[in-house]
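S.K.: Generate the whole structure from the sequences, applying the supplied hints.
Protein chains in written order, with this note's numbering: chain W, 29 to 306; chain E, 29 to 306.
These aren't lab readings, by the way, just hints derived from the structure by calculation. Any given hint could turn out to be false.
As the list makes no split between identical chains, a pair holds if one copy fits it or if it spans any two.
Said to hold, decoys possible - Here are the simulated EDC-like cross-link-like pairs (lysine to aspartate or glutamate), alpha carbons at most 16 angstroms apart as the crow flies:
hint, residue 1, residue 2
1, Lys-286, Glu-158
2, Lys-283, Asp-87
3, Lys-261, Glu-192
4, Lys-162, Glu-282
5, Lys-283, Glu-158
6, Lys-94, Asp-303
7, Lys-301, Asp-87
8, Lys-206, Asp-196
9, Lys-255, Glu-137
10, Lys-164, Glu-124
11, Lys-206, Glu-192
12, Lys-300, Asp-87
Listed below are the residues making up each chain.
Number of protein chains: 2
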Amino acid sequence: MQKKKEIKVLGNNNYPIGIFDSGFGGLTVMSAINKVLPSENLIYFGDTAHVPYGAKSRDTIVRFSKDIISFLIKNKAKLIVVACNTVSALALPVLEKILKIPPIIGVIEPGVRVAIDASKSFRIGIIGTEGTIKSKSYPKAINKLVKAKVYQQACPLLVPLVEEGLIDGEITDKVVKKYIKPLLAKKIDTLVLGCTHYPFLRKILEKNLDKNIIVVDSAISTALEVKLILDKKFLFASKNGKKYLKFYVSDNPEKFKKIGMRFFSKDITIIKKVDLVG
Amino acid sequence: MQKKKEIKVLGNNNYPIGIFDSGFGGLTVMSAINKVLPSENLIYFGDTAHVPYGAKSRDTIVRFSKDIISFLIKNKAKLIVVACNTVSALALPVLEKILKIPPIIGVIEPGVRVAIDASKSFRIGIIGTEGTIKSKSYPKAINKLVKAKVYQQACPLLVPLVEEGLIDGEITDKVVKKYIKPLLAKKIDTLVLGCTHYPFLRKILEKNLDKNIIVVDSAISTALEVKLILDKKFLFASKNGKKYLKFYVSDNPEKFKKIGMRFFSKDITIIKKVDLVG
Chain W
29 MQKKKEIKVL GNNNYPIGIF DSGFGGLTVM SAINKVLPSE NLIYFGDTAH VPYGAKSRDT
89 IVRFSKDIIS FLIKNKAKLI VVACNTVSAL ALPVLEKILK IPPIIGVIEP GVRVAIDASK
149 SFRIGIIGTE GTIKSKSYPK AINKLVKAKV YQQACPLLVP LVEEGLIDGE ITDKVVKKYI
209 KPLLAKKIDT LVLGCTHYPF LRKILEKNLD KNIIVVDSAI STALEVKLIL DKKFLFASKN
269 GKKYLKFYVS DNPEKFKKIG MRFFSKDITI IKKVDLVG
Chain E
29 MQKKKEIKVL GNNNYPIGIF DSGFGGLTVM SAINKVLPSE NLIYFGDTAH VPYGAKSRDT
89 IVRFSKDIIS FLIKNKAKLI VVACNTVSAL ALPVLEKILK IPPIIGVIEP GVRVAIDASK
149 SFRIGIIGTE GTIKSKSYPK AINKLVKAKV YQQACPLLVP LVEEGLIDGE ITDKVVKKYI
209 KPLLAKKIDT LVLGCTHYPF LRKILEKNLD KNIIVVDSAI STALEVKLIL DKKFLFASKN
269 GKKYLKFYVS DNPEKFKKIG MRFFSKDITI IKKVDLVG
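M.R.: What follows is the structure, given as structure tokens:
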């Protein structure tokens, strides 16, 4: 049955899923997609020449994202996953408009559904970059579905900490405490990691939270969303094909490999530097 | 006499001095140039779409710098000041080769001369970005002039802290302590702020150093170097012209204005966003 479906879509089922982020963060999403969809070919783009995105403007984020998407399409992506909350928050609506094929999905809606599922008191905390928080994408997405109290906190130092590999230790602990404090005062029962870099800090975050607070990241739920779309569009890869994971960065492939390996569950073997003009 | 010299150089004496950096950091150098040369017109470019530069590769830094220099030349810069240690360390030799006119100067050599002047024991500490430290530009430049023990420390978190305006407080204090500790153990008597962002952290750095350690930044000494070159090339602006300071950024002019104002001694009034394609 699956095979019949594949023929319908011009034989591009074994084309890869394209995933992108400003740096390492999106590897958390790639890792989840790889777990949920082990037969799929995946290509990842980390925009390490322009990292971090968090404090940059909508115009600039849209410009960077368009270039990356062009690159992924040239590399035959059958579906594009925006594995970055800042891009999802600031640029996804624009990108969706210009991009009819392939389909594109972000990380905010999937994360929001998990958070609503998890929360009992509907007092939900969001941490994210300056851009994500200012866009109010999370409160809007949550309140479209339920009536909830949403408390936001921008955490501009967390991405630099993760990009430097400082995922524990005294400094990171102090930074986390500072950001979490006002949310704890609001008696949240659910905390959304509104940035794909933050799952790397999950341990140190959980250490600083009350035990009853549920921490939500959107990686698995985004991966499940990808699965749903592939199913709907008859786009599953065949199980017999030769599977590959490829990584591209706009700068410093060596550093990406070194730090990425610590975070990504699989080996980062094929990695190339690509100059984008954006 | 001065007027006669001006005529010799095709009347471009009132053209501006072009100054650039990845973000706010170079404002420390601009401020010094403005003090030392109050009659000069100055234009500043902060590459806030690509900030930070510190962990990015030589190729990428050269590519960004070339685009900025083209912009400054289009805006008639009579002299270019690389107000960024990472660019000075990684890209200046390449940029000097491709750029015959106007003259271009960096911040490392001027800083090194002050450090050698200040040090008695010739045990000199250098703090800078990953790129600057890895390039070994400081130890090389110092040891070209004197035989000294040079101890280096990369401080990847200091630029993000300054760019977020966190120039004091407990977190910045912890970060500074961590970076400074190994240098104190080496009994340095002079510490070079090898990044134009670091003078914003001078107070908190000095608080954490032994009192006998002299802190050196290259801003004033770079400004004096600029003065020397203008003198040598008969390029001083006339004292009667209408003086201007202009600021350009590749992203977020509002943020630049808000944080820049805190740091720059003069008002940041004329500020424009420019899209570079690099």
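S.K.: Hint by hint, say whether it matches the structure.
M.R.: Now for the hints, and whether the structure bears them out:
no.: 1; hint: Lys-286 x Glu-158; result: between (27 angstroms within a copy, 15 angstroms between copies)
no.: 2; hint: Lys-283 x Asp-87; result: between (28 angstroms within a copy, 14 angstroms between copies)
no.: 3; hint: Lys-261 x Glu-192; result: neither (39 angstroms within a copy, 44 angstroms between copies)
no.: 4; hint: Lys-162 x Glu-282; result: between (33 angstroms within a copy, 14 angstroms between copies)
no.: 5; hint: Lys-283 x Glu-158; result: between (25 angstroms within a copy, 11 angstroms between copies)
no.: 6; hint: Lys-94 x Asp-303; result: both (14 angstroms within a copy, 15 angstroms between copies)
no.: 7; hint: Lys-301 x Asp-87; result: between (24 angstroms within a copy, 11 angstroms between copies)
no.: 8; hint: Lys-206 x Asp-196; result: both (15 angstroms within a copy, 14 angstroms between copies)
no.: 9; hint: Lys-255 x Glu-137; result: within (15 angstroms within a copy, 57 angstroms between copies)
no.: 10; hint: Lys-164 x Glu-124; result: neither (19 angstroms within a copy, 46 angstroms between copies)
no.: 11; hint: Lys-206 x Glu-192; result: between (19 angstroms within a copy, 15 angstroms between copies)
no.: 12; hint: Lys-300 x Asp-87; result: between (27 angstroms within a copy, 14 angstroms between copies)
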